[in-house]
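K.L.:
Next come the chains, spelled out residue by residue.
There are 2 protein chains.
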Amino acid sequence: MNILVLGAAGMIGRKLVERLSREGSLGGRRIERMTLFDVVAPKAPEGVGFEVRTMAGDLSQPGQTERLVADRPDTIFHLAAIVSGEAEAEFEKGYRINLDATRNLFEAVRRSNPGYRPRIVFTSSIAVFGAPFPDDGIGDEFHHTPLTSYGTQKTIGELLLADYSRRGFLDGIGIRLPTICVRPGLPNKAASGFFSGIIREPLNGKEAVLPVADTVRHWHASPRAAIQFLVHAATLDTAPLGQRCSLTMPGLSVTVGEQIEALRRVAGDAVVARIRREPDQTVIDIVKGWPERFVAKRAEALGFRAESSFDDIIQVYIDEELGGRVPG
Amino acid sequence: MNILVLGAAGMIGRKLVERLSREGSLGGRRIERMTLFDVVAPKAPEGVGFEVRTMAGDLSQPGQTERLVADRPDTIFHLAAIVSGEAEAEFEKGYRINLDATRNLFEAVRRSNPGYRPRIVFTSSIAVFGAPFPDDGIGDEFHHTPLTSYGTQKTIGELLLADYSRRGFLDGIGIRLPTICVRPGLPNKAASGFFSGIIREPLNGKEAVLPVADTVRHWHASPRAAIQFLVHAATLDTAPLGQRCSLTMPGLSVTVGEQIEALRRVAGDAVVARIRREPDQTVIDIVKGWPERFVAKRAEALGFRAESSFDDIIQVYIDEELGGRVPG
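Protein chains in written order, with our numbering: chain A, 239 to 566; chain B, 239 to 566.
Be a bit skeptical, because a hint or two may be false.
Stated by the list, open to error - Listed next, with one range per pair, are the computed distances between beta-carbon atoms: (1) A:M249 to B:P517: 51 to 57 Å; (2) B:E304 to A:E328: 21 to 27 Å; (3) A:P370 to B:R268: 36 to 42 Å; (4) B:K535 to A:K535: 40 to 46 Å; (5) B:D523 to A:E538: 28 to 34 Å; (6) B:R310 to A:K535: 47 to 53 Å; (7) B:G377 to A:R503: 41 to 47 Å.
Stated by the list, open to error - Over 10 Å on every C-beta distance to chain B, these chain A residues come out as not near it, computed from the model: (8) G262; (9) T383; (10) I394; (11) L398; (12) A400; (13) G423; (14) A428; (15) E499; (16) S547.
Calculated directly from the structure, the hints in this document are not laboratory data. Here a beta-carbon is modelled for each residue, glycine too, at the ideal position from N, C-alpha and C.
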């Protein structure tokens, strides 16, 4: 089969490509070709038994999505996006990539010959929801109330995905990822960065700043769970989704305090001592509008699974990024 | 004040302009100028004490919305749309007008000098919701689940309106109109046409075809109520809306059978006898996905009011279109 990954140079994209390369197949079908696209050329996996093309470009430019679907990929992972903080700071850029490029992709597929109807896995976000929320968790029928341009753009992506799927132009599934924790590497521009930072930095011997109170509660899943969501979304039968083809993914609802206690259990007091509390009113205000807890019944019924303890989430980071060794 | 009406040649647009012309003011401010725009030049009201410009064009064409906002209208009524049936039949046209032109309008406002922040009243639709629905009515927090391209486009319009309002580029309010009943004039391309047809045609001595069962329940308001919604939306304080600036309007939930019994009370058996039952499976299937009942608490708390009986809805038609005379 032929797979296209848009946003392949990002953290999720790289981990997805690693997994697909390791397995060599998707849903029991052997991978014959993979195209990796991003704004900078993604690194090609080495020693794989299929053809790999890497391409760099701007998805919003005329003709770009047409070129990418010209060889009719069977499965398209659309992970490319301007992240929340950047989409808020750069209004036009956010709309250009998160809305226009997504629509360009769907249009390029629609305008292909009849008979071409690829599976498109679209990564949406819990940012499609904004406060105030119900106290008992956000259910599958809660309305879209984004409080950011990023959340607005992701919601529009979900709507287009559903309409294009309904019309038979493509076979779409949208997955609303929890906040991914623990993100490896350097901090990105996301305002949610501290959720990972307070675990990752101390584990790497560095100080981390915690800008909010320990009582702040949020919704997490590991990068490994996120990749499993993508693979499952690419291979499940979409018929049971009906015309509601975007799903809130399962996750784990924990407070910052619970994150820190998990870190203490896994790595000890000395590591936890590297967290410095420095309240930042701007971040505090942003985080107030964020969801705390979901009831992801539909996704769970369809077989999507996340971690059930934050200790497990930390362990995934230690396994994948630190070679399995808990540092002192 | 300066008012711009987009879609001024449509049924709602004409009735809005009639009312504004009669009153000469909006929210206590004297109207000095009104621009009426549509795909065909709207008829200018006669004998009014303010300047009227009429213009025809295509809102999706480059520069069109910029020209329309160049004189900085204080209030913009955005009623222009490709209706549901047509947006379904003509995919590209629907997106071009219902999505691109709406976005062009918001962009033209955003790109105007800082300090310009008009009230924009955007007519959305209950088509932003699609079955399955809760049995006890669709509340203000039910999610967007459009089952048509039109509903998708209106939902996207609501999302853009909210984001542009939040960013301070405009002062938006979206109103989700019930099905307007009784629509005057000739049938349009809307699949909902029969809800009006079974009242209007018999009252005008003509036969009407009823393609669905008498048990079909739907959500109605008169054209007069719709105009009052628009005027109220243009003049109320939008601060209490917070970042949820689109509202389901109040309406009346009745079955087709209840519509017919109201017609019998108002106009008698001979008029009702002009309704011919001719089931049409296509219409039956479409209508299955339509909402039956809303709980429009937010709009009611903000002072929006619809009719409380279908007899009243019929009477509005008789008053406005038949000179107050109930035909035999």
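K.L.:
Taking the numbered hints from earlier one at a time, note which ones the structure violates and give those numbers from smallest to largest.
P.N.:
4, 9, 10, 11, 12
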